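S.K.: Letter by letter, the chains look like this.
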Amino acid sequence: MRTTHQVRPPAPKPTAGPRIPAGMHGHVALSMLPALALFAVFFLVPLVVLAVTAFSRWGAGDFTFTGLDNYRQLFSDPVFWKAAGNTLFYCVASMVIQVPLGVAVGMTLAMKVPGWKLFRTIIFIPFVISGAAYALVFSMFYNPSYGLLNNLLAPVTGGQHDWLFNSGTARWAVAGTFVFIIGFVVVVVMAEVASIPTELLEAAEADGASLMQRQLFIVLPLLRNIIGTVILVRLLVDIGMFDLVYILTSGGPNDATTTLALYAYRAYVHGQWGYANAVGSVILILGATLIVTVRRVFRIGERAL
Amino acid sequence: MRSTKTVAAATTAVLMAGALGACSTSKGGSTNAAGEIEITCATCQKSTTDPFLQFNFEAAQRFNKANKGKYHVKTLQNANAGSADARLQYYQRLALADDLPDVFQLNNAEIKSLSSTGKLHDFAPDLKSDAKWAASFQPRAFEALSGKEGQRWAIPQQQDPIGIFYNKKLLAKVGYESFPTTWDDFEAMAAKLKNAGATPIALDGDWATLLMWSNLIGTQPAGRDFLTSEIATSKDWSTNKAAVKATERLRDWQAKGYVNADSLSGDFQNAASKYLAGKAATVPNGPWFVKTNLKSANAAPGLYDNTEYAPSPGWDAGRGLIVVSGAGWVSGTSDQTELEAVGAFVRFMSSTDEVVKQAKATGSNPPVKVPAATVKAAGLEPLSSRLVSRIPRVAQSFPHARVHAPGGIDAAWKNLWPAYVKGKIDTKAFLSRLATDSAAGS
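Just so you know, the protein sequences line up as chains A and B, in that order.
The opening position of the first sequence corresponds to residue 1 in the working numbering, with each subsequent residue numbered one higher.
The opening position of the second sequence corresponds to residue 306 in the working numbering, with each subsequent residue numbered one higher.
These are calculated hints, taken from the structure and not from any lab test.
Here the structure is a predicted model, which means the values were calculated and not measured.
Glycine residues also receive a C-beta, built at the ideal position from the N, C-alpha and C atoms.
Careful: at least some of the hints might be erroneous.
[What the hints assert, rightly or not] Listed next, with one range per pair, are the computed distances between beta-carbon atoms: (1) B:403 - A:284: 27 to 33 Å; (2) B:404 - A:243: 26 to 32 Å; (3) A:96 - B:550: 42 to 48 Å; (4) A:77 - B:404: 30 to 36 Å; (5) A:85 - B:540: 25 to 31 Å; (6) A:243 - B:562: 40 to 46 Å; (7) B:554 - A:85: 33 to 39 Å; (8) B:403 - A:96: 46 to 52 Å; (9) B:698 - A:57: 45 to 51 Å; (10) B:490 - A:96: 50 to 56 Å.
[To be verified] Here are a few chain A residues that sit away from chain B, every Cβ distance over 12 Å (derived from the structure): (11) 36; (12) 75; (13) 81; (14) 117; (15) 144; (16) 170; (17) 196; (18) 198; (19) 223; (20) 229; (21) 232; (22) 266; (23) 269; (24) 287; (25) 288.
[Claimed, not checked] To give an idea of the chain B side of the interface with chain A (calculated C-beta under 7 Å), a few residues: (26) 566; (27) 567; (28) 569; (29) 571; (30) 584; (31) 720; (32) 721; (33) 723; (34) 724; (35) 727; (36) 733.
Could you build all of it, start to finish, from the sequences and the hints given here?
M.R.: Here it is as structure tokens:
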């Protein structure tokens, strides 16, 4: 009788990392102390302070535990929801415009098209300019009196449109300042494309796959890990977005551009430090949720090949 | 070998501790090596861009010279000496650490906020014990710098009438040889200026717009009451007729195109640049505008000579002027020895000699009464001096809306005003939210 019993290979033993030699445990623990101390002082302690004071009325003059009062006030404040909505809007704008555009340009430049080095440099320059300087440039770009945008659109719109201070266009105008800064995505994607084995693409070409097919069905899927990573980085930047909005609109008009970080900052400036930390904890939770979600969706860390 | 390592580790630990100790700051004693009582000043540093800071620096040097062997003002380099939001945060943190400078300047909104820490010195007893000094100040000089229970949180730095600068040449072009005296006439002039291709009023959606709002409120019969008391206590400003009337009229100027297109930016330089380029006919601001803008390289040639400074037009009950002491010297020390030096310093800064020097250096006006002959002899800025001389002749004088309003009014205004102007919210919603948001941010 023939059995269908499968013979499985023995399960691999758990891989043993470098072992700490006997008698060295104390020394290793001691050598880790400075790092642990720095971690505790600069990360753990602030995190605990944030978590604890979020349940207090804390200002320059007083400190009182108030339980969930800050969160009750937060969730009943329409401006908070507006700020949360705007923050997500900026996150989505990055995901929908910045990342796909950066990936497309990165993949194109990775094919070493003529002038690719020059393009890469030009595209990367805005990424290294400080956010504050960039915001100032754009506040002039959008200026209704002398801004370049209105001058360019004058034949079409015919008037002086106040892009940043009109509720209908303000959020889009703010998003317009950063969604086209694709330098980071481009450079990272180019580096990843360079690491794809050329044999794969040559084999596909030998099988008759066109350039477009090779890009769409071989290169793009292999970029999954890096696309997930740049989305993660962008989301974490956008979720704490502050300087651009603060300089361009201060969150107005009527909170049309306010972000969670700016909302927290306002509370902080006005001496409501406990309330500001409650907002900070919401940002933290939102950030953690996004990290987990993006990591799962893009299976970041799993091998593509 | 082991002992060598132990010694090395111990030495390293001692050196690190020493280094950390050297990095830490200490208020130290109040007496310096020369035996003088030393106090720290956080707004007395040299500045090439801020005439007030530069004047303070020079005044502190004069004080040190005059009080050699007795008191000494030590200048702290403070990156936050001049900016608004960052400045308040900076001092709030210092207050929390019980490390406020011994003497520094704040504006009235910052004083309101910082006084709640309980770390500011109350000058009321000092003024009470020195009646002559107290009587030397202008009437209402402490209005913006006082607490609800009579505290005097600051010694006034200046007292300025805030009027409207206007370009005589542009006004003459549309047939106005003098500044309009009523708002109706002001609007008629604005319409003519607009037709002539000029910007009638330069505003910024922040400071300058709030000045015009204050003028429009203050020149109504019940306006002063609103600006001095109701604005601080009312839960809903939309129930105040003067505020409603003023708000709607100001909004209408925007709708009619009397105001520069970038008037909602919240950046005063957008308003100033229109006036300085000779394109805008009027701009509201304080007398320091002469020094910081009109006489700067940014001003069009001859603009200063073509500029005059006027009180606000009125509705029908006469013209008005914002008169305000918006900033003052505060102290963050509670040490009696240091307070003695602080007292000497603020008395020195409010002496006739120093306030006249300050007026010459910065364009701001003295917070203390100065004899007319002294003012004349000092040759103060004529535009500003002429307006000062008109204070007794205007029908109404009133504070800027910022003085008594909750501290969050600036941020709330900048946020809500553009939406109101663009018709996204109505007057009632605008004023109600302005009141609640200002209070929430105070």
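S.K.: Each hint: holds or not?
M.R.: Hint-by-hint comparison with the structure:
Distance hint check for residue 403 of chain B and residue 284 of chain A: the Cβ-Cβ separation is about 30 Å, which falls inside the suggested range of 27 to 33 Å. Between residue 404 of chain B and residue 243 of chain A the C-beta distance comes to about 28 Å, which sits within the given range of 26 to 32 Å. Take residue 96 of chain A and residue 550 of chain B: their Cβ atoms lie about 47 Å apart, and the range 42 to 48 Å holds. Remark: the range hint 30 to 36 Å for residue 77 of chain A to residue 404 of chain B is upheld by a beta-carbon distance near 34 Å.
Taking 25 to 31 Å as the suggested C-beta distance range, the pair residue 85 of chain A and residue 540 of chain B conforms, at roughly 28 Å. Taking the beta carbon of each, residue 243 of chain A and residue 562 of chain B are about 33 Å apart, not inside 40 to 46 Å as hinted. Distance hint check: the CB atoms of residue 554 of chain B and residue 85 of chain A are about 34 Å apart, consistent with the given range 33 to 39 Å. Between residue 403 of chain B and residue 96 of chain A the CB atoms are about 50 Å apart, so this pair conforms to the stated range of 46 to 52 Å.
A hinted range of 45 to 51 Å for the beta carbons of residue 698 of chain B and residue 57 of chain A is consistent with their spacing of about 49 Å. Distance hint check: the CB atoms of residue 490 of chain B and residue 96 of chain A are about 54 Å apart, consistent with the given range 50 to 56 Å. No beta-carbon of chain B comes within 12 Å of the beta-carbon of residue 36 of chain A; the shortest separation is about 17 Å. Annotated as non-interface, residue 75 of chain A keeps its C-beta farther than 12 Å from every C-beta of chain B; the closest such distance is 16 Å.
Look at residue 81 of chain A: its CB is around 16 Å from the nearest CB on chain B, clear of 12 Å, so calling it non-interface holds up. For residue 117 of chain A, the requirement that its beta carbon stay farther than 12 Å from each beta carbon of chain B is met, with the minimum near 39 Å. A Cβ of chain B approaches the Cβ of residue 144 of chain A within 12 Å, the least distance being about 4 Å, so the stated non-interface status is violated. For residue 170 of chain A, the condition that its CB be more than 12 Å from all CB atoms of chain B is violated, with the nearest at approximately 8 Å.
No beta-carbon of chain B is positioned within 12 Å of the beta-carbon of residue 196 of chain A; the least distance is around 48 Å. Taking the minimum C-beta to C-beta distance to chain B, about 53 Å, the non-interface status of residue 198 of chain A holds against the 12 Å cut. Every C-beta of chain B lies more than 12 Å from that of residue 223 of chain A, the closest at about 41 Å, which supports listing it as non-interface. Annotated as non-interface, residue 229 of chain A keeps its C-beta farther than 12 Å from every C-beta of chain B; the closest such distance is 34 Å.
At the 12 Å boundary, the C-beta of residue 232 of chain A stays outside the reach of chain B, the nearest C-beta of that chain being 31 Å off. The beta carbon of residue 266 of chain A is not kept farther than 12 Å from every beta carbon of chain B, the shortest such distance being approximately 6 Å. At the 12 Å boundary, the C-beta of residue 269 of chain A falls inside the reach of chain B, the nearest C-beta of that chain being 6 Å off. Against chain B, the non-interface label of residue 287 of chain A holds: every CB pair exceeds 12 Å, the least being about 24 Å.
The claim that residue 288 of chain A lies off the interface holds: its Cβ sits roughly 27 Å from the closest Cβ of chain B, which is beyond the 12 Å cut-off. Hint status for residue 566 of chain B relative to chain A: holds, with the closest Cβ pair at about 4 Å, below 7 Å. This hint holds: residue 567 of chain B has a C-beta 5 Å from the nearest C-beta of chain A, less than the 7 Å allowed. Hint status for residue 569 of chain B: holds, given a least beta-carbon distance of 4 Å to chain A, under 7 Å.
For residue 571 of chain B, the interface hint holds, the least distance from its beta-carbon to any beta-carbon of chain A being 6 Å, beneath 7 Å. A hinted interface residue such as residue 584 of chain B counts as satisfied when its beta carbon comes closer than 7 Å to some beta carbon of chain A; here the least separation is about 9 Å, so the hint is violated. Among the interface hints, the one on residue 720 of chain B holds; its C-beta lies about 4 Å from the nearest C-beta in chain A, closer than the 7 Å criterion. Annotation: interface hint on residue 721 of chain B holds; nearest CB of chain A at approximately 6 Å, less than 7 Å.
Interface restraint check for residue 723 of chain B: the shortest CB-CB distance to chain A comes to about 3 Å, inside 7 Å, so the restraint holds. For residue 724 of chain B, the shortest C-beta to C-beta distance to chain A is roughly 3 Å, which falls under 7 Å, so the interface hint holds. With a least beta-carbon distance of about 6 Å to chain A, the hint placing residue 727 of chain B at the interface is held under the 7 Å criterion. The criterion of a C-beta within 7 Å of any C-beta in chain A is not met by residue 733 of chain B, whose closest approach is roughly 14 Å, and the hint is violated.
Hints 6, 15, 16, 22, 23, 30, 36, counting from the list given before, are not met by this structure.
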